[in-house]
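Residue numbers (full-length UniProt numbering), protein chains in the order written: chain A, 1 to 471; chain B, 1 to 471.
It should be emphasised that the hints constitute simulated quantities derived from the structure, not laboratory data. Treat the numbers as computed from the prediction; the structure is a model and nothing was measured. Backbone N, C-alpha and C define an ideal beta-carbon position, used for all residues, glycine too. Treat the hints with care, since some could be wrong.
[As the list claims (entries may be wrong)] Think about it this way: if two alpha-carbon atoms lie no more than 30 angstroms apart in a straight line, the pair counts; the simulated DSS-like pairs of lysine-lysine are: (1) A:K277 x A:K249; (2) B:K301 x B:K50; (3) A:K178 x B:K198; (4) A:K12 x A:K132; (5) A:K96 x A:K77; (6) A:K105 x A:K377; (7) B:K138 x A:K178; (8) B:K32 x A:K249; (9) A:K138 x B:K138; (10) B:K178 x A:K178.
[To be verified] Some residues of chain B that are not near chain A, with every Cβ distance over 10 angstroms (derived): (11) W42; (12) K77; (13) K162; (14) L181; (15) S184; (16) R185; (17) R221; (18) R258; (19) V273; (20) F281; (21) A287; (22) I298; (23) R350.
[Stated by the list, open to error] Chain B side only, calculated, beta carbon under 8 angstroms to chain A, not exhaustive: (24) T191; (25) Y192; (26) Q335.
There are 2 protein chains.
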Amino acid sequence: MEETQCRSSKKKVVAVVGGGLVGALNACFFAKRGFDVEVFEWREDIRKAKIVRGRSINLALSHRGRQALKHVGMENKIVSKGIPMHARMIHSLSGKQSPIPYGKKGQYILSVDRANLNKELLSEADTYSNTKLNFDHKLQDWNAETGLMTFVRPDGSQVQIKADLIVGCDGAFSATRKQFLRRSRFNYSQTYIPHGYKELTMPPISGEFAMKPNFLHIWPRNTFMMIALPNLDKTFTCTLFMPFDEFEKITTGDEVIRFFQKYFPDAIPLIGVDALKRDYFQLPAQAMVSVKCSPYHIDDKCVLMGDAAHAVVPFYGQGMNAGFEDCIVFDEMMQQFNEDFSAVLPEYSRVRVPDDHAIADLAMYNYIEMRAHVNSKWFLFRKHVDNFLHFLMPKTIIPLYTMASIQTNPTITATEHERRHTKVINHGLLLSAVGAVVGGSYLLIKGPPNVNRVIIPAEKVWNRLVALRTL
Amino acid sequence: MEETQCRSSKKKVVAVVGGGLVGALNACFFAKRGFDVEVFEWREDIRKAKIVRGRSINLALSHRGRQALKHVGMENKIVSKGIPMHARMIHSLSGKQSPIPYGKKGQYILSVDRANLNKELLSEADTYSNTKLNFDHKLQDWNAETGLMTFVRPDGSQVQIKADLIVGCDGAFSATRKQFLRRSRFNYSQTYIPHGYKELTMPPISGEFAMKPNFLHIWPRNTFMMIALPNLDKTFTCTLFMPFDEFEKITTGDEVIRFFQKYFPDAIPLIGVDALKRDYFQLPAQAMVSVKCSPYHIDDKCVLMGDAAHAVVPFYGQGMNAGFEDCIVFDEMMQQFNEDFSAVLPEYSRVRVPDDHAIADLAMYNYIEMRAHVNSKWFLFRKHVDNFLHFLMPKTIIPLYTMASIQTNPTITATEHERRHTKVINHGLLLSAVGAVVGGSYLLIKGPPNVNRVIIPAEKVWNRLVALRTL
Numbered sequence: 001m002e003e004t005q006c007r008s009s010k011k012k013v014v015a016v017v018g019g020g021l022v023g024a025l026n027a028c029f030f031a032k033r034g035f036d037v038e039v040f041e042w043r044e045d046i047r048k049a050k051i052v053r054g055r056s057i058n059l060a061l062s063h064r065g066r067q068a069l070k071h072v073g074m075e076n077k078i079v080s081k082g083i084p085m086h087a088r089m090i091h092s093l094s095g096k097q098s099p100i101p102y103g104k105k106g107q108y109i110l111s112v113d114r115a116n117l118n119k120e121l122l123s124e125a126d127t128y129s130n131t132k133l134n135f136d137h138k139l140q141d142w143n144a145e146t147g148l149m150t151f152v153r154p155d156g157s158q159v160q161i162k163a164d165l166i167v168g169c170d171g172a173f174s175a176t177r178k179q180f181l182r183r184s185r186f187n188y189s190q191t192y193i194p195h196g197y198k199e200l201t202m203p204p205i206s207g208e209f210a211m212k213p214n215f216l217h218i219w220p221r222n223t224f225m226m227i228a229l230p231n232l233d234k235t236f237t238c239t240l241f242m243p244f245d246e247f248e249k250i251t252t253g254d255e256v257i258r259f260f261q262k263y264f265p266d267a268i269p270l271i272g273v274d275a276l277k278r279d280y281f282q283l284p285a286q287a288m289v290s291v292k293c294s295p296y297h298i299d300d301k302c303v304l305m306g307d308a309a310h311a312v313v314p315f316y317g318q319g320m321n322a323g324f325e326d327c328i329v330f331d332e333m334m335q336q337f338n339e340d341f342s343a344v345l346p347e348y349s350r351v352r353v354p355d356d357h358a359i360a361d362l363a364m365y366n367y368i369e370m371r372a373h374v375n376s377k378w379f380l381f382r383k384h385v386d387n388f389l390h391f392l393m394p395k396t397i398i399p400l401y402t403m404a405s406i407q408t409n410p411t412i413t414a415t416e417h418e419r420r421h422t423k424v425i426n427h428g429l430l431l432s433a434v435g436a437v438v439g440g441s442y443l444l445i446k447g448p449p450n451v452n453r454v455i456i457p458a459e460k461v462w463n464r465l466v467a468l469r470t471l
Numbered sequence: 001m002e003e004t005q006c007r008s009s010k011k012k013v014v015a016v017v018g019g020g021l022v023g024a025l026n027a028c029f030f031a032k033r034g035f036d037v038e039v040f041e042w043r044e045d046i047r048k049a050k051i052v053r054g055r056s057i058n059l060a061l062s063h064r065g066r067q068a069l070k071h072v073g074m075e076n077k078i079v080s081k082g083i084p085m086h087a088r089m090i091h092s093l094s095g096k097q098s099p100i101p102y103g104k105k106g107q108y109i110l111s112v113d114r115a116n117l118n119k120e121l122l123s124e125a126d127t128y129s130n131t132k133l134n135f136d137h138k139l140q141d142w143n144a145e146t147g148l149m150t151f152v153r154p155d156g157s158q159v160q161i162k163a164d165l166i167v168g169c170d171g172a173f174s175a176t177r178k179q180f181l182r183r184s185r186f187n188y189s190q191t192y193i194p195h196g197y198k199e200l201t202m203p204p205i206s207g208e209f210a211m212k213p214n215f216l217h218i219w220p221r222n223t224f225m226m227i228a229l230p231n232l233d234k235t236f237t238c239t240l241f242m243p244f245d246e247f248e249k250i251t252t253g254d255e256v257i258r259f260f261q262k263y264f265p266d267a268i269p270l271i272g273v274d275a276l277k278r279d280y281f282q283l284p285a286q287a288m289v290s291v292k293c294s295p296y297h298i299d300d301k302c303v304l305m306g307d308a309a310h311a312v313v314p315f316y317g318q319g320m321n322a323g324f325e326d327c328i329v330f331d332e333m334m335q336q337f338n339e340d341f342s343a344v345l346p347e348y349s350r351v352r353v354p355d356d357h358a359i360a361d362l363a364m365y366n367y368i369e370m371r372a373h374v375n376s377k378w379f380l381f382r383k384h385v386d387n388f389l390h391f392l393m394p395k396t397i398i399p400l401y402t403m404a405s406i407q408t409n410p411t412i413t414a415t416e417h418e419r420r421h422t423k424v425i426n427h428g429l430l431l432s433a434v435g436a437v438v439g440g441s442y443l444l445i446k447g448p449p450n451v452n453r454v455i456i457p458a459e460k461v462w463n464r465l466v467a468l469r470t471l
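I would like the entire structure built from these sequences, with the hints used as guidance.
This is the structure in structure tokens:
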């Protein structure tokens with residue numbers, strides 16, 4: 001075991017566990033404040049790696065996320081390598097494509113490459129002289145009294161370091177969080193959904209995008225769904241979502257093609273028959289988990305951010321953006337409380353837990369809706385109702401997705417808005433000619449502070465109207 | 001490290017982790033089937049211990065629990081040492097006492113001493129020649145492939161044993177369950193409620209019970225609540241439930257008395273002023289956690305039962321009883337599937353998860369209700385409505401608590417019944433003269449199979465009518 005590192009400076013040491021998106025961004029925030037920042041990542045440096053293991057290839061960056069990048073001077077660099085998506089493009093079974101804008105003209109979200117974004121953030125963190133990136137360091141344990149952390153290296157050796165603040169940004173399966181689970185009165189849940197996902201690549205055709213590039217393409221098919229996001233190399237990354245037991249039913253290349261012929265026929269020539277037969281079996285379907293916990297901190301010693309605190313299912317498209325927002329919110333509190341960890345950490349939990357839980361609930365709610373009823377007809381219908389009402393009464397009605405992705409509104413939680421919004425939409429529907437649809441209303445259930453909140457529609461018929469807000 | 005124990009017999013080895021109530025009972029079930037049973041308990045043998053550490057002193061044994069004891073020939077022995085409670089006794093603030101029966105004449109639940117019940121069950125397990133009780137064995141780790149388990153002894157030495165089946169009955173903080181958390185697609189939640197509890201003793205007066213013995217005494221005071229169960233030594237164990245922050249407000253003996261004068265004045269002379277001032281501060285308030293998970297098994301190797309699978313908050317009074325019922329249900333499946341673990345374990349998860357989650361939901365629901373609104377007036381009113389309707393229409397209406405505790409009805413889950421029952425009660429209320437109370441109805445929300453279900457009342461006004469079903 002190496003000797004415990006003794007920092008000679010008087011500056012406080014902030015250890016960021018995890019060099020993923022939120023960890024790397026957070027390193028910049030803490031470095032800007034003048035702390036001695038140590039980032040510990042258990043993988044090798046992805047900037048040097050040949051193959052980047054891990055999760056989905058591209059992500060939708062929205063206003064929430066961009067604000068955080070702006071704080072560390074990264075917004076323009078990242079935006080320049082993103083592809084604007086001004087609208088969803090809904091693919092019907094017959095192959096008809098119908099756009100649904102994300103907001104008013106000029107509003108858009110960005111398709112960004114996860115690996116590139118991560119590399120850029122690490123390089124940015126590296127530019128601060130008071131930041132050190134430590135790769136191949138796997139957190140084994142840490143002590144909540146002393147702040148002493150123990151890491152294991154690939155050769156089995158151990159390294160110890162003492163930090164004044166430990167910031168756990170190590171994802172949905174956070175090693176930092178294990179210490180939280182050993183303490184009394186820590187609330188925690190991990191919920192896997194029955195759906196898995198597989199990623200497929202849609203190559204360029206004659207050097208150009210195979211579909212219109214400035215859209216998030218969606219094939220809603222009730223229980224099944226496919227989406228596609230554009231990449232800079234003019235490919236699309238298609239993500240197929242379906243229940244694990246459906247994935248398991250498909251065992252041969254011919255069955256893949258038959259399945260696509262039935263549900264996504266227009267995608268077959270674009271992905272290519274041979275590629276489809278081959279790529280479908282390259283990786284097993286990946287699981288999706290929703291993680292909630294509370295509180296996010298232990299004393300003045302440790303705080304969780306990003307997926308370590310609140311992994312969400314991807315059906316609301318706000319996972320990364322909420323993690324980035326964590327960094328801003330924490331930084332603002334550092335300013336407000338003069339970098340006093342004993343004041344900042346409890347306040348961060350107090351403010352952030354309900355907001356993050358609301359995002360997690362909405363994501364799960366969208367998943368449940370999607371699973372049950374959403375196809376291209378309902379999708380289009382509901383979106384048109386939403387947008388029509390927004391057009392009529394822009395102050396009162398903001399489609400929920402527009403609010404979450406385009407605006408930043410700290411005074412109203414997304415669920416509160418959902419409730420109000422749905423109520424109004426509902427009334428709108430009742431006033432409109434859709435006479436058959438009555439009685440729909442949402443209930444926002446608030447349990448005791450530590451109990452999960454759940455949003456549910458009161459009427460089954462209403463389910464059929466609720467579109468996939470996510471995407 | 002000791003050598004791995006090699007059992008010479010050809011019989012399969014079942015390792016029961018945990019020698020508490022469910023573990024000890026389960027050992028009897030497996031021993032009866034002829035397995036080589038090894039029980040591993042991390043504490044010392046409580047039959048020899050001077051002080052029994054651990055949880056609440058007495059428990060309410062209901063029909064569900066008695067059925068399981070009957071299967072192993074223990075029912076009469078345990079019942080003879082229990083005190084029948086035929087009714088709740090509601091204490092109003094003025095000191096008025098009003099009984100509310102648990103069911104029809106002759107139906108009752110039993111107040112039993114936890115420590116004695118545990119000792120009796122361990123001694124019963126000990127009578128089987130094919131059962132070995134191993135105390136001071138703390139589970140460190142186990143291997144899901146091989147069934148190899150590693151235990152640590154108090155002297156730090158390790159013991160390893162290979163089991164064909166591992167049965168985790170090691171409570172809400174189960175060590176067995178840790179292996180489950182390392183696997184993908186295991187759903188888990190632990191939720192602490194803001195209430196804690198403290199136990200106080202009410203001594204006999206002139207050698208007799210200080211209150212009527214054959215009742216479960218309840219002082220419902222909205223956010224605060226106290227209950228008292230009779231013991232064989234003619235004491236009552238009083239349990240005071242309140243939010244942790246309220247407990248923390250009381251810091252001196254005089255403040256304890258002032259608090260009791262305000263909320264539980266009739267209990268002060270019965271507990272005694274000096275005892276109250278002293279005993280209140282003997283232990284910190286204890287936390288209560290609700291644990292849900294799914295599935296309950298790993299392959300054909302390991303299964304969780306009792307609190308390890310489904311710890312509940314105590315406000316429905318069915319925690320131990322549900323754990324005991326686990327043992328019967330598993331045993332019946334062992335019969336049905338000819339002791340084929342690879343068939344029994346998945347079936348056990350499939351059948352038992354929804355039932356246990358329903359019990360957990362009801363317990364949490366009762367907690368939420370209690371916390372918000374229940375005082376002695378509403379309690380009495382609702383119970384009277386329940387029982388009056390049950391009296392009028394015994395086939396249609398069975399008060400929920402009566403069903404859960406007195407009957408065993410495997411074809412209808414408690415939540416299903418709750419929904420139907422409430423619907424009818426509701427109609428009853430509407431039909432009755434309570435004109436102001438309208439529009440109440442429950443919603444049973446069913447998410448996807450792996451997502452928690454939640455039961456919620458649709459109308460706030462209805463909350464006021466829902467009594468504390470628990471107790």
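Hint by hint, here is what the structure shows:
1. For the suggested pair K277 (chain A) and K249 (chain A), the alpha carbons sit about 15 angstroms apart, so the restraint of at most 30 angstroms is met.
2. Straight-line distance between C-alpha atoms of K301 (chain B) and K50 (chain B) comes to about 36 angstroms, which puts the hinted pair past the 30 angstroms bound.
3. Between K178 (chain A) and K198 (chain B) the CA atoms are separated by roughly 29 angstroms; this keeps the pair inside 30 angstroms, and the hint holds.
4. Between K12 (chain A) and K132 (chain A) the alpha-carbon distance is near 14 angstroms, which keeps this suggested pair within the 30 angstroms criterion.
5. Taking the CA atoms of K96 (chain A) and K77 (chain A), the gap is about 36 angstroms. The hint is violated against a cut of 30 angstroms.
6. Between K105 (chain A) and K377 (chain A) the CA atoms are separated by roughly 24 angstroms; this keeps the pair inside 30 angstroms, and the hint holds.
7. Between the alpha carbons of K138 (chain B) and K178 (chain A) the distance comes to roughly 20 angstroms, so the proposed pair stays at or under 30 angstroms and holds.
8. In summary, the hint linking K32 (chain B) to K249 (chain A) is not supported, as the alpha carbons are separated by about 41 angstroms, beyond the 30 angstroms threshold.
9. Straight-line distance between C-alpha atoms of K138 (chain A) and K138 (chain B) comes to about 27 angstroms, which keeps the hinted pair within the 30 angstroms bound.
10. The straight-line distance between the Cα atoms of K178 (chain B) and K178 (chain A) is roughly 11 angstroms, inside the 30 angstroms bound, and the hint therefore holds.
11. Every CB of chain A is more than 10 angstroms from the CB of W42 (chain B) (nearest about 16 angstroms), matching its label as outside the interface.
12. For K77 (chain B), the non-interface assignment is confirmed: its Cβ lies about 36 angstroms from the closest Cβ of chain A, beyond the 10 angstroms cut-off.
13. With a least CB separation of 27 angstroms from chain A, K162 (chain B) remains clear of the 10 angstroms interface cut-off, as annotated.
14. Separation of L181 (chain B) from chain A is inadequate, the least Cβ-Cβ distance of about 8 angstroms not exceeding the 10 angstroms criterion.
15. At the 10 angstroms boundary, the C-beta of S184 (chain B) falls inside the reach of chain A, the nearest C-beta of that chain being 5 angstroms off.
16. A beta-carbon of chain A comes within 10 angstroms of the beta-carbon of R185 (chain B); the shortest separation is about 4 angstroms.
17. No beta-carbon of chain A is positioned within 10 angstroms of the beta-carbon of R221 (chain B); the least distance is around 17 angstroms.
18. Distance check on R258 (chain B): its Cβ is at least 26 angstroms (rounded) from any Cβ of chain A, clearing the 10 angstroms threshold; non-interface status holds.
19. Interface exclusion of V273 (chain B) from chain A stands, the closest Cβ pair being 31 angstroms apart, more than 10 angstroms.
20. With a least CB separation of 19 angstroms from chain A, F281 (chain B) remains clear of the 10 angstroms interface cut-off, as annotated.
21. Interface exclusion of A287 (chain B) from chain A breaks down, the closest Cβ pair being 5 angstroms apart, not more than 10 angstroms.
22. For I298 (chain B), the requirement that its beta carbon stay farther than 10 angstroms from each beta carbon of chain A is met, with the minimum near 15 angstroms.
23. With a minimum CB-CB distance of about 14 angstroms to chain A, R350 (chain B) clears the 10 angstroms threshold, and the non-interface call stands.
24. Hint status for T191 (chain B): holds, given a least beta-carbon distance of 5 angstroms to chain A, under 8 angstroms.
25. Restraint check, Y192 (chain B) versus chain A: the minimum CB separation of about 4 angstroms is within 8 angstroms; hint holds.
26. The beta carbon of Q335 (chain B) comes no nearer than 29 angstroms to any beta carbon in chain A, farther than 8 angstroms, and the hint placing it at the interface is violated.
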